[in-house]
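Enquirer: For the record, the sequence lines run as chains C and P. Going by the working numbering, the first residue of the first sequence is number 1, and it counts up by one from there. Going by the working numbering, the first residue of the second sequence is number 114, and it counts up by one from there.
Coverage of chain C stretches by chain P, computed from C-beta distances (three or more under 8 Å per stretch; other residues unrestricted):
{"no.": "1", "segment": "46 to 56"}
{"no.": "2", "segment": "94 to 101"}
{"no.": "3", "segment": "105 to 112"}
Hints were generated in silico from the structure; no laboratory data involved. Since the structure is predicted, the reported quantities are computational estimates derived from the model, not experimental observations. Glycine included, every Cβ here is placed at the ideal spot set by N, Cα and C.
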Amino acid sequence: DSGVTQTPKHLITATGQRVTLRCSPRSGDLSVYWYQQSLDQGLQFLIQYYNGEERAKGNILERFSAQQFPDLHSELNLSSLELGDSALYFCASSFRVTPGELFFGEGSRLTVL
Amino acid sequence: QQPVQSPQAVILREGEDAVINCSSSKALYSVHWYRQKHGEAPVFLMILLKGGEQKGHDKISASFNEKKQQSSLYLTASQLSYSGTYFCGTEYTEKLVFGKGTKLTVNP
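Take the sequences, apply the hints, and build the full model.
Expert: Below is the structure:
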């Protein structure tokens, strides 16, 4: 158990819908990272927050947004969902602002039908 | 920007050795290695911070050649528990970007 909690574990929705994925980092960790994992695409970096502020952005679609709240939990919002958004979304946390050892949650599997 | 890993997949028998390579077109400041077992989350193995540095984790070690912008992960006397997908990650403007992974299968 990494100490990082992600909800929901599984989510099935339809195209055009909007979903919110939630992540609670390990106690004491200030950085939260979001990654998307699709078949054959490895781990695609989406976005990083540190202590409530956006620190780094990857190839995150405009339909996706994220935020980190004062209690340090983070939410990833995915809207106008397309079939290609089906993937496993991981959240990871670390103490430092620069990438050190990341602790990954178990992921949220999103299926768009 | 995404590091390139090779090979894409490797199959071993228990006790054999393997090398996984990771290269980048950009200057490397650090290389991170993770292992992901099937159906599980990625788990941290090690970070290499200096050029030419080697670090170890049980019978898994790695080297980092800053000049060549390459890192290699060495798995010695592989065990069944080593099976999984290995990812290397490189830091780029505070982003940790991973390669597509190398799937390692260790058979009895």
